[in-house]
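Engineer: Okay, here's what each chain looks like letter by letter:
Protein chains: 2
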Amino acid sequence: MKPKSKVWVVFGEQVKLGDGRARLLELIDELGSIKKAVARFGMSYRSAWGYLKELERAAGFKMLTRTPGGGPLGGTRLTKAGRHFLDRYWRFSRGAEGAIKRQFAKSFKNKKK
Amino acid sequence: MKPKSKVWVVFGEQVKLGDGRARLLELIDELGSIKKAVARFGMSYRSAWGYLKELERAAGFKMLTRTPGGGPLGGTRLTKAGRHFLDRYWRFSRGAEGAIKRQFAKSFKNKKK
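Residue numbers (the working numbering), protein chains in the order written: chain L, 56 to 168; chain F, 56 to 168.
Check the hints yourself; a few may be wrong.
Where chains are identical, the list cannot tell them apart; a pair therefore holds if satisfied intra-copy or between any two copies.
To be verified - Derived pair list, reagent style PhoX-like, types lysine-lysine, alpha-carbon separation capped at 20 Å: (1) 108 - 161; (2) 59 - 156; (3) 108 - 91; (4) 117 - 57; (5) 164 - 90; (6) 161 - 57; (7) 108 - 135; (8) 108 - 61; (9) 71 - 91; (10) 59 - 117; (11) 61 - 90; (12) 156 - 108; (13) 117 - 135; (14) 164 - 135; (15) 61 - 156; (16) 71 - 156; (17) 59 - 135; (18) 164 - 108; (19) 90 - 57.
The hints are simulated quantities; they were obtained by calculation from the structure and are not laboratory data.
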């Protein structure tokens, strides 16, 4: 028997962000493009764009910013606030995974099966 | 922003049990009847029965036992091993919920939004 878990955060009671959406934001930053990121993610541009707008509105800050031109600074990249948020999100998500495993070991201690 | 989570356990890589299924087992015990419990749960008898058989096979022990007749001992009730398992499961599930909230507070400390 093994523990399984899923964690996410909710902004304003409605807009969810979990590991998948956190990775999408990072992929956009890495590729500099929402379009390229959604293509790899198997998600439609329209639904990603709608989600990102809702997320920023609910969060109260911009996650992404677009600079015209190519190179490492051009394209759509995470804002400083977006990067900061994601760093904390991953600290939460990974920390929670560890905490859940420890709680499982503690709760089922002495259990043979 | 708030943390959300879902935890469950998996037996033998395949058979899942989370809070909903744990409550179903307890409701069967309370009502003494799979049929009455599934009616309240809005689940079909066939799928509940199939799930329970799979669960017991994967867990390696009986969760429920049926005694003919009425009264507090008649009907379908949790076995001692089933009760013991559920006590530990709830300890895990509730403990995990607390641990996740603490991890969230720790990870997003100093964050204003």
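Engineer: Indicate, hint by hint, whether the structure satisfies it.
Structural biologist: Hint check results:
1. 108 - 161: Result: close neither inside a copy nor across copies, 42 Å intra and 27 Å inter.
2. 59 - 156: both (8 Å within a copy, 17 Å between copies)
3. 108 - 91: within (18 Å within a copy, 46 Å between copies)
4. 117 - 57: Answer is between: at 19 Å across copies they meet the 20 Å cutoff, but 38 Å inside does not.
5. 164 - 90: For residue 164 and residue 90, neither the intra-copy (48 Å) nor the inter-copy (33 Å) Cα distance is at most 20 Å.
6. 161 - 57: within (13 Å within a copy, 26 Å between copies)
7. 108 - 135: within (17 Å within a copy, 52 Å between copies)
8. 108 - 61: Neither: 24 Å inside a copy, 26 Å across copies.
9. 71 - 91: neither (22 Å within a copy, 36 Å between copies)
10. 59 - 117: The answer is neither: 32 Å in one copy and 22 Å across copies each exceed 20 Å.
11. 61 - 90: Neither: 27 Å inside a copy, 31 Å across copies.
12. 156 - 108: For residue 156 and residue 108, neither the intra-copy (35 Å) nor the inter-copy (27 Å) Cα distance is at most 20 Å.
13. 117 - 135: within (9 Å within a copy, 54 Å between copies)
14. 164 - 135: Close across copies (17 Å), not inside one copy (43 Å); limit 20 Å.
15. 61 - 156: both (12 Å within a copy, 13 Å between copies)
16. 71 - 156: between (24 Å within a copy, 16 Å between copies)
17. 59 - 135: Neither way: residue 59 and residue 135 sit 32 Å apart in one copy and 25 Å across, limit 20 Å.
18. 164 - 108: neither (46 Å within a copy, 25 Å between copies)
19. 90 - 57: neither (38 Å within a copy, 29 Å between copies)
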